[in-house]
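Asker: Okay, here's what each chain looks like letter by letter:
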Amino acid sequence: MQLITPELGLIFWQLVIFLLVLFLLAKFAWKPILLSLKEREDSIEGALRMADEAKLEMQALKAGNEKLLADARRERDQMMKEASTMAEKLIETAKTRATEEGGRMITQAREAIQNEKNAALAEVKNTAAQLSLDIAERILRRELSDPAAQKQLVDSYLKDVKLN
Amino acid sequence: MKRLLAVLFCILTLPVFASEHAGIPAKEEAFNPGEMILHHIGDSHEWHWFSTDNGHFTSYLPIIAYRPGKGVSTFSSEKLAPKHGEAEGAEYDGLKLHHEKLVTTDGSPVYDFSITKNVAALLGSSILLLVVFTIVAKGYKTNHGRAPKGIQSFFEVLIVFIRDEVAKKSIGPKYERYMPYLLTVFFFIWFNNLLGLTPGAANLTGNIAITLTMAVLTLIITLASSNKNYWAHIFATPGVPVALLPIMIPVELIGIVVKPFSLMIRLFANITAGHIVILSFISLIFIFRSAAVAPISLAFGLFINVLELLVSILQAYIFTLLTAMYIGGAVEEHHDADYQMGGGDGADVAHAPHH
Numbered sequence: 001m002q003l004i005t006p007e008l009g010l011i012f013w014q015l016v017i018f019l020l021v022l023f024l025l026a027k028f029a030w031k032p033i034l035l036s037l038k039e040r041e042d043s044i045e046g047a048l049r050m051a052d053e054a055k056l057e058m059q060a061l062k063a064g065n066e067k068l069l070a071d072a073r074r075e076r077d078q079m080m081k082e083a084s085t086m087a088e089k090l091i092e093t094a095k096t097r098a099t100e101e102g103g104r105m106i107t108q109a110r111e112a113i114q115n116e117k118n119a120a121l122a123e124v125k126n127t128a129a130q131l132s133l134d135i136a137e138r139i140l141r142r143e144l145s146d147p148a149a150q151k152q153l154v155d156s157y158l159k160d161v162k163l164n
Numbered sequence: 001m002k003r004l005l006a007v008l009f010c011i012l013t014l015p016v017f018a019s020e021h022a023g024i025p026a027k028e029e030a031f032n033p034g035e036m037i038l039h040h041i042g043d044s045h046e047w048h049w050f051s052t053d054n055g056h057f058t059s060y061l062p063i064i065a066y067r068p069g070k071g072v073s074t075f076s077s078e079k080l081a082p083k084h085g086e087a088e089g090a091e092y093d094g095l096k097l098h099h100e101k102l103v104t105t106d107g108s109p110v111y112d113f114s115i116t117k118n119v120a121a122l123l124g125s126s127i128l129l130l131v132v133f134t135i136v137a138k139g140y141k142t143n144h145g146r147a148p149k150g151i152q153s154f155f156e157v158l159i160v161f162i163r164d165e166v167a168k169k170s171i172g173p174k175y176e177r178y179m180p181y182l183l184t185v186f187f188f189i190w191f192n193n194l195l196g197l198t199p200g201a202a203n204l205t206g207n208i209a210i211t212l213t214m215a216v217l218t219l220i221i222t223l224a225s226s227n228k229n230y231w232a233h234i235f236a237t238p239g240v241p242v243a244l245l246p247i248m249i250p251v252e253l254i255g256i257v258v259k260p261f262s263l264m265i266r267l268f269a270n271i272t273a274g275h276i277v278i279l280s281f282i283s284l285i286f287i288f289r290s291a292a293v294a295p296i297s298l299a300f301g302l303f304i305n306v307l308e309l310l311v312s313i314l315q316a317y318i319f320t321l322l323t324a325m326y327i328g329g330a331v332e333e334h335h336d337a338d339y340q341m342g343g344g345d346g347a348d349v350a351h352a353p354h355h
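Taken in order, these protein sequences are the chains called U and Z.
At the far end of the first sequence sits residue 164, using UniProt numbering, and the numbering has no gaps.
At the far end of the second sequence sits residue 355, using UniProt numbering, and the numbering has no gaps.
Any given hint could turn out to be false.
To be verified - Quick list of in silico lysine-lysine cross-link-like pairs, DSSO-like style, CA-CA up to 27 Å:
no., chain 1, residue 1, chain 2, residue 2
1, U, Lys27, Z, Lys174
2, Z, Lys149, Z, Lys138
3, U, Lys38, Z, Lys141
4, U, Lys31, Z, Lys149
5, Z, Lys141, U, Lys27
6, U, Lys38, Z, Lys174
7, Z, Lys70, Z, Lys96
Hint data in this document are derived by calculation from the structure and do not stem from the laboratory.
Produce the entire structure from the sequences given, and follow the hints as far as they go.
Answerer: Next comes the structure, spelled out in structure tokens:
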């Protein structure tokens, strides 16, 4: 029976000592321990979250880089295409102009040749007329050396004048 | 199983052989195992370490007695120890010990506040608790932001277990307020259970005064933190017809007291029973007056002792868990929850931010 009869003295001491231990442990052990545990857990969680964020950021950065690279590549392609188009156009223009110039020069040459030819022909004509005049003069001069013949000729002119 | 039966058979038949040899009447008084065991698991005003043929090795503890009218008297319990050859203890200052109970010679009331063996053990274990956990707390300061080391990492597992598996799951989001009490209860019971297993030590957690005090503290904390849902459950249990309330209300009111009562009995009975079993096995040697029983007694005693190591932490865990569940039932907010102390929903809330 004594075994299951609580002793007043022991209850008193247990109450006093246990509450004292509870108070001291709560203040000097449990509070700092639980605080440190929480702090550590929070820091671990924070680190994990930060790592996740960094990963996402890296992915975004990578995607951005790739986009940038793709843009650059596309721009380069476009530029090259433009350049080649321009070059082709330039060549085309140059060709056209050269052809035109050639045509023009040929036309000019032809004109010049024609002119030269006309001038030469005119000169030949003049020369031939001079020559025939000279020949005619010389012939006339010889035929009209005697006064009879002169008289006859004057007469014939006079006749003509009369007719007019 | 067969072997166990054989061993049991051997034990049961041994008295026959023993009694055959005990023809000569024993001169010394007969060995009384019941008395020996009760003496060992009970409280005492002196700390008896061991005895040899030359005498007892005992530390005498201070007696503090309060008598109304006479005041407090303090003296060493050596003055009440039995003189040589006497069975009864000596008288001093009108006081004497009657079966370890302090009584006055004239029958007037006396209140015993002596530093008994249990109080001394209580002081010792409290100092041990304080020393151990200040060292652990210091570990958190020195290893701040780093992994725990040594004794700190050993206790961290248990502290985190009590926090996550006991407090958070049983109490819910308000668990933080009750952590100091739960941790103190757990480690107090565990340490004292283990210390109680050491030879010569006091049986502190197997003393009903100790378990009564802790159970009452749990009851006070439960009632102090109870909200209206808790009382609504008691005075208007949901789903119960009004006609049944006259029966239900007394049942629920009894339930308030039965819960801490079960805490008190469970811890006391478990620890005391373990001690009784171990002592009984050892007593067998003296009952049979034969050293041949010793190996069996020792083997069984060792087995029970190892079992008690498990029971030590198990009982500490159960006391803490049930305390947390009772508190959880008192602070529970969800009215729709089943009247199962603690329940799962509080824990889900507590765990929610972690996932």
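Asker: Now look at each hint and say whether the structure bears it out.
Answerer: Now the hints, each set against the structure:
1. Lys27/U with Lys174/Z: Between lysine 27/U and lysine 174/Z the Cα gap is close to 19 Å, so the pair holds against 27 Å.
2. Lys149/Z with Lys138/Z: It holds: about 11 Å lies between the C-alpha atoms, which stays within 27 Å.
3. Lys38/U with Lys141/Z: The hint holds at about 14 Å.
4. Lys31/U with Lys149/Z: Roughly 19 Å separates the two Cα atoms, so the pair holds.
5. Lys141/Z with Lys27/U: Holds, at roughly 15 Å.
6. Lys38/U with Lys174/Z: Distance ~15 Å between lysine 38/U and lysine 174/Z Cα, so the pair holds.
7. Lys70/Z with Lys96/Z: 16 Å, holds
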